[in-house]
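J.: Residue numbers (my numbering), protein chains in the order written: chain A, 3 to 191; chain B, 3 to 191.
Quick caveat, the hints were computed from the structure, so don't treat them as lab data. Since the structure is predicted, the reported quantities are computational estimates derived from the model, not experimental observations. Keep in mind that the hints are not guaranteed to be accurate.
Because identical chains share one entry, a pair is satisfied inside a single copy or across any pair of copies.
[To be verified] No farther apart than 25 angstroms at their CA atoms in a straight line, the calculated lysine-lysine pairs in the DSS-like style are these:
#, residue 1, residue 2
1, K23, K73
2, K4, K23
3, K42, K93
4, K23, K93
5, K23, K134
6, K187, K73
7, K88, K187
8, K23, K50
9, K42, K88
10, K93, K81
11, K82, K50
12, K81, K4
13, K4, K134
14, K119, K4
15, K42, K81
16, K4, K82
17, K134, K50
18, K42, K23
19, K23, K88
20, K73, K88
21, K93, K82
In case you want the letters, here they are:
Protein chains: 2
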Amino acid sequence: MKELVDRIRQEGVNLGTEILKIDSLLNHQIDPQLMMNMGKEFASVLPKADRILTAEVSGIGPALMTGLAMKVPVVFARKKQPVTMKTPVYKETSTSRTKGGSVDLIVSSEYLHRGEKVLIIDDFLASGETMKAMIRLVESAEATVVGCGVVVEKSFQGGRAALATDYPSLPIHSLALITSMEGNKIELA
Amino acid sequence: MKELVDRIRQEGVNLGTEILKIDSLLNHQIDPQLMMNMGKEFASVLPKADRILTAEVSGIGPALMTGLAMKVPVVFARKKQPVTMKTPVYKETSTSRTKGGSVDLIVSSEYLHRGEKVLIIDDFLASGETMKAMIRLVESAEATVVGCGVVVEKSFQGGRAALATDYPSLPIHSLALITSMEGNKIELA
């Protein structure tokens with residue numbers, strides 16, 4: 003998606019240890035029109051679903067706009083179980099380099115239903131661990147993941163290959179593809 | 003806003019201790035079209051701004067849609083400082099009953115600028131403590147808060163009155179007004 007790739011070229015910062023800072027447009031400040039264009043792109047490319055699943059916090063913007071374009075509800079997995087969330091819940095644990103250590107992902111069974119088609123949207127695809135945890139959440143509910151959309155894929159961290167091993171027929175669409183972050187550079191495909 | 007009030011009547015649950023569960027439409031699952039309508043309402047009623055400030059997590063949906071309608075960027079205050087956020091930051095502490103204890107709100111100085119007009123959007127107005135902390139964040143940046151929009155105001159918890167004492171001319175617009183949560187009831191104005 004040229005608009006996003008251009009913005010990453012202009013505003014992205016390589017913080018070292020393979021961490022990309024795009025706080026100006028996605029992870030701290032959000033550009034609503036860019037989010038809307040991203041949501042339309044996901045909705046046009048990825049399979050139709052009954053529901054969209056994402057993870058708090060930075061997946062919410064792109065997922066919400068995809069849900070708007072697809073006219074389906076969006077559920078965001080929580081990292082901690084809030085007082086409003088009563089059992090039973092689905093819970094999976096992932097590892098995140100940017101967040102440091104392990105991260106829980108929790109979804110109430112009220113908002114993932116057996117037999118549904120679920121589209122997963124997230125901000126980054128790196129090792130694929132978070133995406134796999136979200137897929138397991140959907141499987142726990144006996145629902146089906148019909149596709150994954152990610153805003154930024156870091157291909158050199160192997161997430162797509164790891165997902166392809168476990169889920170060979172799963173469609174994965176990324177809006178920007180980073181092929182290398184060696185030195186201070188950000189190489190985009 | 004009738005659409006929201008109707009949804010709260012249908013889906014809202016009084017969990018006791020004055021906590022309202024509306025996880026089906028705002029705090030866990032999000033209805034994108036409802037969010038869009040809320041954003042349009044805020045944009046039509048509240049003063050124009052250069053930027054919108056909200057707090058993660060549940061403020062993001064309404065703030066993003068308001069930003070889309072107003073064509074301005076949205077910044078969400080973080081509760082923990084992520085690795086991508088370098089100093090200097092603005093930081094304030096609030097108390098939250100639903101989240102338990104004190105909550106930090108952190109915004110990078112990159113995304114709040116001196117002299118700007120800032121509109122604050124949040125999901126709930128209860129005691130007003132979170133809103134006051136966000137106002138202090140804006141003031142720390144020497145920017146001006148031009149208005150506050152909240153999805154659900156719980157008038158019996160006194161937030162509007164507390165804000166009016168400190169900021170008598172600040173416009174506050176709520177989309178749904180809950181006047182009582184005694185027993186198991188949810189009384190809406």
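J.: It remains to establish, for every hint, whether it holds in the given structure.
T.: Going through the hints against the structure:
Taking the closest pair of Cα atoms, K23 and K73 come within 25 angstroms of each other only across two copies (23 angstroms); inside a single copy the shortest separation is 31 angstroms, beyond that limit. For the homomeric pair K4 and K23, the shortest alpha-carbon distance inside one copy (18 angstroms) is at most 25 angstroms, but the shortest distance between copies (40 angstroms) is not. Taking the shortest Cα distances, K42 and K93 never come within 25 angstroms of each other, neither inside one copy (30 angstroms) nor across copies (35 angstroms). In this assembly of identical chains, K23 and K93 lie within 25 angstroms of each other by CA distance solely across copies; the values are 20 angstroms between and 28 angstroms within a copy.
In this assembly of identical chains, the alpha carbons of K23 and K134 lie at most 25 angstroms apart only when taken from the same copy (23 angstroms versus 29 angstroms across copies). When the C-alpha separation of K187 and K73 is checked against a cutoff of 25 angstroms, the pair qualifies neither within a copy, at 38 angstroms, nor between copies, at 31 angstroms. Taking the shortest Cα distances, K88 and K187 sit within 25 angstroms of each other only across copies (19 angstroms), while inside one copy they are farther apart (46 angstroms). In this assembly of identical chains, the alpha carbons of K23 and K50 never lie at most 25 angstroms apart, being 31 angstroms within a copy and 29 angstroms across copies at closest.
With identical chains, the CA atoms of K42 and K88 are never at most 25 angstroms apart, being 34 angstroms at best within one copy and 32 angstroms at best between copies. In this assembly of identical chains, K93 and K81 lie within 25 angstroms of each other by CA distance both inside one copy and across copies; the values are 9 angstroms within and 22 angstroms between. In this assembly of identical chains, K82 and K50 lie within 25 angstroms of each other by CA distance neither inside one copy nor across copies; the values are 29 angstroms within and 35 angstroms between. For a Cα distance limit of 25 angstroms, the shortest separation of K81 from K4 qualifies neither inside one copy, at 32 angstroms, nor across copies, at 32 angstroms.
Taking the shortest alpha-carbon separations for K4 and K134, neither the intra-copy value of 27 angstroms nor the inter-copy value of 40 angstroms comes in at or below 25 angstroms. For the homomeric pair K119 and K4, neither the shortest alpha-carbon distance inside one copy (29 angstroms) nor that between copies (31 angstroms) is at most 25 angstroms. For the homomeric pair K42 and K81, neither the shortest alpha-carbon distance inside one copy (27 angstroms) nor that between copies (30 angstroms) is at most 25 angstroms. For a Cα distance limit of 25 angstroms, the shortest separation of K4 from K82 qualifies neither inside one copy, at 35 angstroms, nor across copies, at 32 angstroms.
Taking the closest pair of Cα atoms, K134 and K50 come within 25 angstroms of each other only inside a single copy of the chain (20 angstroms); across copies the shortest separation is 42 angstroms, beyond that limit. Taking the closest pair of Cα atoms, K42 and K23 come within 25 angstroms of each other only inside a single copy of the chain (24 angstroms); across copies the shortest separation is 30 angstroms, beyond that limit. Only between protomers do K23 and K88 lie at most 25 angstroms apart by alpha-carbon distance; the minimum there is 10 angstroms, versus 35 angstroms within a single protomer. In this assembly of identical chains, K73 and K88 lie within 25 angstroms of each other by CA distance neither inside one copy nor across copies; the values are 27 angstroms within and 37 angstroms between.
In the homo-oligomer, the alpha carbons of K93 and K82 lie at most 25 angstroms apart both inside one protomer (10 angstroms) and across protomers (22 angstroms), since each shortest distance falls under that limit.
The structure shown violates the earlier hints numbered 3, 6, 8, 9, 11, 12, 13, 14, 15, 16 and 20.
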